[in-house]
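Listed here are the chains, written in short residue letters.
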Amino acid sequence: GAVVSQHPSWVICKSGTSVKIECRSLDFQATTMFWYRQFPKQSLMLMATSNEGSKATYEQGVEKDKFLINHASLTLSTLTVTSAHPEDSSFYICSARDPGRGISGANVLTFGAGSRLTVL
Amino acid sequence: KQEVTQIPAALSVPEGENLVLNCSFTDSAIYNLQWFRQDPGKGLTSLLLIQSSQREQTSGRLNASLDKSSGRSTLYIAASQPGDSATYLCAVLDDKIIFGKGTRLHILP
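From first to last, the protein sequence lines stand for chains Z and W.
Sequential numbering of the first sequence, starting at 232, is according to the numbering used here.
Sequential numbering of the second sequence, starting at 423, is according to the numbering used here.
I should point out that these hints are in silico values taken from the structure, not numbers from a laboratory.
Here a beta-carbon is modelled for each residue, glycine too, at the ideal position from N, C-alpha and C.
A portion of the hints provided could be inaccurate.
Using C-beta positions, here's what the derived DEER-type ranges look like [stated by the list, open to error]:
#, chain 1, residue 1, chain 2, residue 2, range
1, W, Ser468, Z, Ser240, 14 to 20 Å
2, Z, Gly247, W, Asn485, 45 to 51 Å
3, Z, Val234, W, Thr448, 29 to 35 Å
4, Z, Leu351, W, Pro462, 17 to 23 Å
5, Z, Ser246, W, Ala431, 30 to 36 Å
6, Z, Ser314, W, Ser475, 45 to 51 Å
7, W, Ser468, Z, Phe270, 19 to 25 Å
8, Z, Ala344, W, Asn485, 22 to 28 Å
9, W, Leu433, Z, Ser246, 36 to 42 Å
10, Z, Ser314, W, Ala432, 34 to 40 Å
11, Z, Ala344, W, Val435, 26 to 32 Å
12, Z, Pro239, W, Asp461, 16 to 22 Å
13, Z, Ser236, W, His528, 27 to 33 Å
Cross-link-like lysine-lysine pairs, in silico, BS3-like; alpha carbons within 30 Å at most [said to hold, decoys possible]:
#, chain 1, residue 1, chain 2, residue 2
14, Z, Lys272, W, Lys523
15, Z, Lys272, Z, Lys297
16, Z, Lys286, W, Lys464
17, W, Lys518, Z, Lys286
18, Z, Lys297, W, Lys523
19, W, Lys523, Z, Lys251
20, Z, Lys297, W, Lys464
21, Z, Lys251, W, Lys518
22, W, Lys423, Z, Lys286
23, W, Lys423, Z, Lys272
24, Z, Lys297, W, Lys490
25, Z, Lys295, W, Lys464
26, Z, Lys272, Z, Lys295
27, W, Lys464, Z, Lys251
28, Z, Lys295, W, Lys490
29, Z, Lys295, W, Lys518
30, Z, Lys245, W, Lys490
31, W, Lys490, Z, Lys251
32, Z, Lys297, W, Lys518
33, W, Lys523, Z, Lys295
34, Z, Lys286, W, Lys490
35, Z, Lys272, W, Lys464
36, Z, Lys297, W, Lys423
Taking the hints into account, I'd like the entire structure generated from these sequences.
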């Protein structure tokens, strides 16, 4: 079945540094990928929709200059947290839509295992 | 604006009991609804996916139903086991995926 890989699974960084998280679709081409953030005991919140070859669409309240999303290929989207601060510490999860799964599967999303960011 | 609500927020039941988790959504124009399991500090595991044209899906001890017109879904877990302890999330997909806040389930040995 479809597999989405996220890397790194956890990262600790100092305040003010930038961190890049990768989301890869391993056995399918994902024209659309989604990035979510989850704070402790909170639900997943959609941050942005990433479309291959075009600019990401950010949800209201998400700073596009702080959370840089690049979807340069059909199998890779990256999320860069720039100038990270302790309040950015969170669990970041990506998901990908596999358009090759036919009409019934076109709206099925496959999720990565998540990346836990801790900013000191 | 689509909103997804899950009740209860937390649930503890003795091992072996059957249980029902509830999910409601405000806009019935959805493509599908998914139930996920999330263990502490882990990513999501997809449990069941119900397309908008379907009314239920079953996998092992799990059964999920969907009533689009009333904006409700239930996840039924039969013969609960301690390994079922986790947070269960439901999510609906319209033009984007919206998650509920989850139900934290604890199965007592």
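Hint by hint, here is what the structure shows:
{"no.": "1", "hint": "W:Ser468 x Z:Ser240: 14 to 20 Å", "in the structure": "holds (19 Å)"}
{"no.": "2", "hint": "Z:Gly247 x W:Asn485: 45 to 51 Å", "in the structure": "holds (50 Å)"}
{"no.": "3", "hint": "Z:Val234 x W:Thr448: 29 to 35 Å", "in the structure": "holds (33 Å)"}
{"no.": "4", "hint": "Z:Leu351 x W:Pro462: 17 to 23 Å", "in the structure": "holds (22 Å)"}
{"no.": "5", "hint": "Z:Ser246 x W:Ala431: 30 to 36 Å", "in the structure": "holds (33 Å)"}
{"no.": "6", "hint": "Z:Ser314 x W:Ser475: 45 to 51 Å", "in the structure": "holds (46 Å)"}
{"no.": "7", "hint": "W:Ser468 x Z:Phe270: 19 to 25 Å", "in the structure": "holds (22 Å)"}
{"no.": "8", "hint": "Z:Ala344 x W:Asn485: 22 to 28 Å", "in the structure": "holds (26 Å)"}
{"no.": "9", "hint": "W:Leu433 x Z:Ser246: 36 to 42 Å", "in the structure": "holds (38 Å)"}
{"no.": "10", "hint": "Z:Ser314 x W:Ala432: 34 to 40 Å", "in the structure": "holds (36 Å)"}
{"no.": "11", "hint": "Z:Ala344 x W:Val435: 26 to 32 Å", "in the structure": "holds (28 Å)"}
{"no.": "12", "hint": "Z:Pro239 x W:Asp461: 16 to 22 Å", "in the structure": "holds (19 Å)"}
{"no.": "13", "hint": "Z:Ser236 x W:His528: 27 to 33 Å", "in the structure": "holds (31 Å)"}
{"no.": "14", "hint": "Z:Lys272 x W:Lys523", "in the structure": "holds (8 Å)"}
{"no.": "15", "hint": "Z:Lys272 x Z:Lys297", "in the structure": "holds (23 Å)"}
{"no.": "16", "hint": "Z:Lys286 x W:Lys464", "in the structure": "holds (29 Å)"}
{"no.": "17", "hint": "W:Lys518 x Z:Lys286", "in the structure": "holds (17 Å)"}
{"no.": "18", "hint": "Z:Lys297 x W:Lys523", "in the structure": "holds (25 Å)"}
{"no.": "19", "hint": "W:Lys523 x Z:Lys251", "in the structure": "holds (27 Å)"}
{"no.": "20", "hint": "Z:Lys297 x W:Lys464", "in the structure": "holds (25 Å)"}
{"no.": "21", "hint": "Z:Lys251 x W:Lys518", "in the structure": "holds (24 Å)"}
{"no.": "22", "hint": "W:Lys423 x Z:Lys286", "in the structure": "holds (24 Å)"}
{"no.": "23", "hint": "W:Lys423 x Z:Lys272", "in the structure": "holds (23 Å)"}
{"no.": "24", "hint": "Z:Lys297 x W:Lys490", "in the structure": "violated (38 Å)"}
{"no.": "25", "hint": "Z:Lys295 x W:Lys464", "in the structure": "holds (26 Å)"}
{"no.": "26", "hint": "Z:Lys272 x Z:Lys295", "in the structure": "holds (25 Å)"}
{"no.": "27", "hint": "W:Lys464 x Z:Lys251", "in the structure": "holds (19 Å)"}
{"no.": "28", "hint": "Z:Lys295 x W:Lys490", "in the structure": "violated (34 Å)"}
{"no.": "29", "hint": "Z:Lys295 x W:Lys518", "in the structure": "holds (18 Å)"}
{"no.": "30", "hint": "Z:Lys245 x W:Lys490", "in the structure": "violated (47 Å)"}
{"no.": "31", "hint": "W:Lys490 x Z:Lys251", "in the structure": "violated (39 Å)"}
{"no.": "32", "hint": "Z:Lys297 x W:Lys518", "in the structure": "holds (22 Å)"}
{"no.": "33", "hint": "W:Lys523 x Z:Lys295", "in the structure": "holds (25 Å)"}
{"no.": "34", "hint": "Z:Lys286 x W:Lys490", "in the structure": "violated (33 Å)"}
{"no.": "35", "hint": "Z:Lys272 x W:Lys464", "in the structure": "holds (13 Å)"}
{"no.": "36", "hint": "Z:Lys297 x W:Lys423", "in the structure": "holds (26 Å)"}
The structure fails hints 24, 28, 30, 31, 34 (numbered hints given earlier, in ascending order).
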